[in-house]
Amino acid sequence: MYIQDTLNNEFYNVLNIRSKKSLPSGHKQSIVFLSKSPPHLSPIRTITTAKMSYNERDTVPLNQSSQSDIDEIENLINYTVQSGPATVLPARPPSPPRASIPVSSSPFIPSNLPPPSQKPPSVPAAPPPPSNRNTNGQQQSNITGFGSPPNTLTEPVWDTVKRDLSRIVSNLKLVVFPNPFREDPGKALRDWDLWGPFFFIVFLGLTLSWSASVKKSEVFAVAFALLATGAIILTLNVLLLGGHIIFFQSLSLLGYCLFPLDVGALICMLKDNVVLKIVVVCVTLAWSSWAAYPFISMAVNPRRKALALYPVLLMYVSVGFLIIAID
Amino acid sequence: MDLNPPPGENYANPRICFFHVLFKAGALAFYILSALFFDSFVIIFVVTVLLSALDFWVVKNVSGRILVGLRWWNEIDDNGESVWKFECLDQESLARMNKKDSWLFWWTLYLTAVVWIFFGIFSLIRFQADYLLVVGVCLTLSIANIVGFTKCRKDAKKQIQQFASQTIANRFSSTIQSAFSVV
Numbered sequence: 001m002y003i004q005d006t007l008n009n010e011f012y013n014v015l016n017i018r019s020k021k022s023l024p025s026g027h028k029q030s031i032v033f034l035s036k037s038p039p040h041l042s043p044i045r046t047i048t049t050a051k052m053s054y055n056e057r058d059t060v061p062l063n064q065s066s067q068s069d070i071d072e073i074e075n076l077i078n079y080t081v082q083s084g085p086a087t088v089l090p091a092r093p094p095s096p097p098r099a100s101i102p103v104s105s106s107p108f109i110p111s112n113l114p115p116p117s118q119k120p121p122s123v124p125a126a127p128p129p130p131s132n133r134n135t136n137g138q139q140q141s142n143i144t145g146f147g148s149p150p151n152t153l154t155e156p157v158w159d160t161v162k163r164d165l166s167r168i169v170s171n172l173k174l175v176v177f178p179n180p181f182r183e184d185p186g187k188a189l190r191d192w193d194l195w196g197p198f199f200f201i202v203f204l205g206l207t208l209s210w211s212a213s214v215k216k217s218e219v220f221a222v223a224f225a226l227l228a229t230g231a232i233i234l235t236l237n238v239l240l241l242g243g244h245i246i247f248f249q250s251l252s253l254l255g256y257c258l259f260p261l262d263v264g265a266l267i268c269m270l271k272d273n274v275v276l277k278i279v280v281v282c283v284t285l286a287w288s289s290w291a292a293y294p295f296i297s298m299a300v301n302p303r304r305k306a307l308a309l310y311p312v313l314l315m316y317v318s319v320g321f322l323i324i325a326i327d
Numbered sequence: 001m002d003l004n005p006p007p008g009e010n011y012a013n014p015r016i017c018f019f020h021v022l023f024k025a026g027a028l029a030f031y032i033l034s035a036l037f038f039d040s041f042v043i044i045f046v047v048t049v050l051l052s053a054l055d056f057w058v059v060k061n062v063s064g065r066i067l068v069g070l071r072w073w074n075e076i077d078d079n080g081e082s083v084w085k086f087e088c089l090d091q092e093s094l095a096r097m098n099k100k101d102s103w104l105f106w107w108t109l110y111l112t113a114v115v116w117i118f119f120g121i122f123s124l125i126r127f128q129a130d131y132l133l134v135v136g137v138c139l140t141l142s143i144a145n146i147v148g149f150t151k152c153r154k155d156a157k158k159q160i161q162q163f164a165s166q167t168i169a170n171r172f173s174s175t176i177q178s179a180f181s182v183v
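Those protein sequences? They're chains F and X, same order as listed.
Be aware that the first sequence starts at 1, since it is given in the UniProt record's numbering, and climbs by one per residue.
Be aware that the second sequence starts at 1, since it is given in the UniProt record's numbering, and climbs by one per residue.
Treat the hints with care, as some may be off.
What the hints assert, rightly or not - Where chain X lies over chain F, by a calculated footprint (3+ residues, C-beta under 8 Å):
| # | region |
| --- | --- |
| 1 | 199-209 |
| 2 | 215-221 |
| 3 | 246-260 |
As the list claims (entries may be wrong) - Ranges of calculated distance between the beta carbons of each label pair, as one might list FRET restraints:
| # | chain 1 | residue 1 | chain 2 | residue 2 | range |
| --- | --- | --- | --- | --- | --- |
| 4 | F | Leu307 | X | Ile168 | 26 to 32 Å |
| 5 | X | Leu33 | F | Asn273 | 36 to 42 Å |
| 6 | F | Tyr293 | X | Phe163 | 51 to 57 Å |
| 7 | X | Val147 | F | Val279 | 43 to 49 Å |
| 8 | X | Asn10 | F | Lys215 | 51 to 57 Å |
| 9 | X | Arg15 | F | Lys215 | 42 to 48 Å |
| 10 | F | Gly242 | X | Leu36 | 47 to 53 Å |
| 11 | X | Gln128 | F | Tyr310 | 31 to 37 Å |
| 12 | F | Leu240 | X | Ala29 | 37 to 43 Å |
| 13 | X | Leu36 | F | Asp272 | 33 to 39 Å |
| 14 | X | Asn4 | F | Leu241 | 52 to 58 Å |
| 15 | F | His244 | X | Phe18 | 43 to 49 Å |
| 16 | F | Asn273 | X | Gln128 | 33 to 39 Å |
Stated by the list, open to error - Counterexamples of contact, computed for chain X against chain F with all Cβ distances above 12 Å:
| # | residue |
| --- | --- |
| 17 | Phe30 |
| 18 | Ile44 |
| 19 | Asn79 |
| 20 | Ile117 |
| 21 | Phe118 |
| 22 | Phe122 |
| 23 | Leu124 |
| 24 | Gln177 |
| 25 | Ala179 |
| 26 | Ser181 |
Treat the hints as calculated values from the structure; they're not laboratory data.
Source: prediction; values computed, not measured.
All C-beta atoms in this analysis are idealised placements derived from N, C-alpha and C, irrespective of residue type, glycine included.
Turn these sequences into a full structure, and let the hints guide you.
Take a look at the structure:
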């Protein structure tokens with residue numbers, strides 16, 4: 001366990017360094033995506049800020065907000081807050097330290113490194129970048145010094161794509177894998193994204209559908225609908241129990257915790273032995289539940305923990321049965 | 001909002017316009033044509049929803065900011081509250097935006113939503129719950145983008161008012177002109 005933790009730690013550090021190198025200057029990167037600082041030079045103004053609590057929000061699904069969004073927030077705040085671009089600000093003023101690993105802005109170094117390694121089922125081929133250079137904005141490669149990073153509004157599309165992909169991977173690591181340096185789980189999935197869960201659900205549906213010898217379409221549709229509505233209902237359950245969790249954050253979390261079951265379903269598809277299936281499903285089920293436990297339990301009143309956790313476990317168990325029963 | 005693209009300009013970002021339209025058209029085309037080629041609902045579902053999700057991403061992250069200078073996102077602040085932010089470029093930059101680009105952007109945005117609504121009605125009529133699911137997902141993605149970007153448009157109200165008053169003014173002046181020409 002110790003060795004594992006050390007390895008993880010080193011990997012995270014490597015990931016950190018890689019990310020620092022691969023991002024434009026001013027991007028602060030950590031496992032938990034820190035908001036970045038630096039002021040930028042393009043005129044951007046917020047026209048409205050609709051502040052809504054999670055109860056009142058319109059249901060806007062699938063928000064694939066990318067890191068560029070957070071960058072833009074940073075830029076906006078810093079643009080209004082400070083005048084000169086010479087200094088590099090830390091993370092936006094009111095935010096608490098969001099990562100345990102201290103991060104500083106670094107000047108942009110064009111990245112020669114490949115993007116961080118991807119989990120096999122999760123990441124699709126990103127859409128081909130329409131243009132490498134934005135016709136409107138300033139060039140990424142103009143490094144004007146330590147304090148004036150390029151504006152993410154005009155960054156090349158490929159950078160946005162890469163950032164989104166690395167966010168998916170980091171969210172996955174955060175949620176699913178053991179991480180002793182993980183901070184408070186309530187804040188850990190702050191940079192939720194729905195791409196990861198989307199691909200995990202689709203992959204699970206596809207695997208189940210391939211494993212089925214009859215009624216493939218129905219299996220897929222049932223699996224997809226079950227998981228999607230299950231995630232929504234479970235989130236509502238937590239909210240109705242008086243829990244403090246953001247709707248999309250919880251959807252994102254429940255989706256990411258499907259990853260072990262994805263792996264289990266893949267193994268079960270490849271090997272058809274019933275005993276092996278049961279063993280694999282039990283292990284991956286335990287892993288999924290273990291991954292989901294801290295987030296859910298932190299979100300609700302301790303006396304209602306079981307009420308919130310039980311349906312989650314039930315859903316994963318039913319998916320597990322589905323995996324075992326498909327032949 | 002006129003039916004024809006504004007004359008006299010070319011597209012400033014032809015590749016981005018192309019991609020903006022590509023995924024929308026791809027999702028719609030695949031949905032329509034797949035029944036001819038594929039028997040399996042699974043492939044139709046996965047590919048259509050995937051294309052639709054890619055289109056959502058492209059519109060939100062790329063063509064929104066480049067073609068019309070708008071963006072919107074959600075962040076979670078330190079109190080754990082969720083905040084939606086809507087932004088637009090300032091007036092000078094907005095004025096510099098290519099008119100053709102933004103015409104294309106808005107028209108395709110609204111048009112795809114309308115087309116998906118039609119498909120939804122068709123599948124409702126035919127009682128195909130599977131296809132209704134696909135259409136539902138694609139429709140929610142389109143509407144999310146429409147709502148997000150419309151909220152960004154600071155001058156949305158002003159434009160609508162302007163449009164209304166302009167129409168009335170045009171009608172009024174043409175009526176007067178025709179009255180004078182008759183006399």
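Hint-by-hint comparison with the structure:
1. Closer than 8 Å: that is the beta-carbon criterion, and the region 199-209 of chain F has 4 residues meeting it against chain X, so the requirement of 3 holds.
2. Counting residues of the region 215-221 of chain F whose CB lies closer than 8 Å to any CB of chain X gives 4, so the stated coverage by that chain holds, three being the minimum.
3. With 4 residues bearing a CB less than 8 Å from a CB of chain X, the region 246-260 of chain F meets the requirement of three and the coverage assertion stands.
4. Take Leu307(F) and Ile168(X): their Cβ atoms lie about 60 Å apart, and the range 26 to 32 Å is violated.
5. In this structure, Leu33(X) and Asn273(F) meet the distance hint of 36 to 42 Å, their C-beta atoms being roughly 41 Å apart.
6. Separated by about 55 Å at the C-beta atoms, Tyr293(F) and Phe163(X) satisfy the suggested range of 51 to 57 Å.
7. Judged by the Cβ atoms, the range 43 to 49 Å given for Val147(X) and Val279(F) holds: they are separated by roughly 47 Å.
8. Checking the proposed 51 to 57 Å range against Asn10(X) and Lys215(F) shows it holds: the Cβ atoms sit about 52 Å from each other.
9. Taking the beta carbon of each, Arg15(X) and Lys215(F) are about 43 Å apart, inside 42 to 48 Å as hinted.
10. At roughly 52 Å, the beta carbons of Gly242(F) and Leu36(X) sit within the given window of 47 to 53 Å.
11. Separated by about 35 Å at the C-beta atoms, Gln128(X) and Tyr310(F) satisfy the suggested range of 31 to 37 Å.
12. Taken as a hint, the range 37 to 43 Å holds for the pair Leu240(F) and Ala29(X), whose Cβ atoms sit roughly 42 Å apart.
13. A beta carbon spacing of about 35 Å between Leu36(X) and Asp272(F) agrees with the range 33 to 39 Å that was offered as a hint.
14. Against the hinted window of 52 to 58 Å, the Cβ-Cβ separation of Asn4(X) and Leu241(F) comes to about 55 Å, which satisfies the hint.
15. Checking the proposed 43 to 49 Å range against His244(F) and Phe18(X) shows it holds: the Cβ atoms sit about 44 Å from each other.
16. Evaluation of the 33 to 39 Å hint for Asn273(F) and Gln128(X) yields a pass: the beta carbon distance comes to about 38 Å.
17. Listed as a non-interface residue, Phe30(X) keeps its Cβ farther than 12 Å from every Cβ of chain F; the least gap is roughly 15 Å.
18. With 12 Å as the threshold on Cβ separation, the claim that Ile44(X) sits away from chain F is violated: the shortest Cβ distance comes to roughly 9 Å.
19. Its closest Cβ contact with chain F, about 9 Å, brings Asn79(X) to no more than 12 Å, contrary to its assignment away from the interface.
20. With a least beta-carbon separation of about 17 Å from chain F, Ile117(X) lies farther than 12 Å from that chain, consistent with its non-interface assignment.
21. No Cβ of chain F comes within 12 Å of the Cβ of Phe118(X); the nearest lies about 21 Å off, and the non-interface call holds.
22. Even its closest Cβ contact with chain F, about 18 Å, leaves Phe122(X) beyond 12 Å, as expected for a residue assigned away from the interface.
23. Every Cβ of chain F is farther than 12 Å from the Cβ of Leu124(X); the closest lies at roughly 17 Å, confirming the non-interface assignment.
24. With a least CB separation of 39 Å from chain F, Gln177(X) remains clear of the 12 Å interface cut-off, as annotated.
25. Residue-level check passed: Ala179(X) sits 43 Å from the nearest beta carbon of chain F, beyond 12 Å.
26. With a closest Cβ-Cβ approach of about 45 Å to chain F, Ser181(X) is found to remain outside the 12 Å limit, as its non-interface label requires.
Of the numbered hints listed earlier, those contradicted by the structure are 4, 18 and 19.
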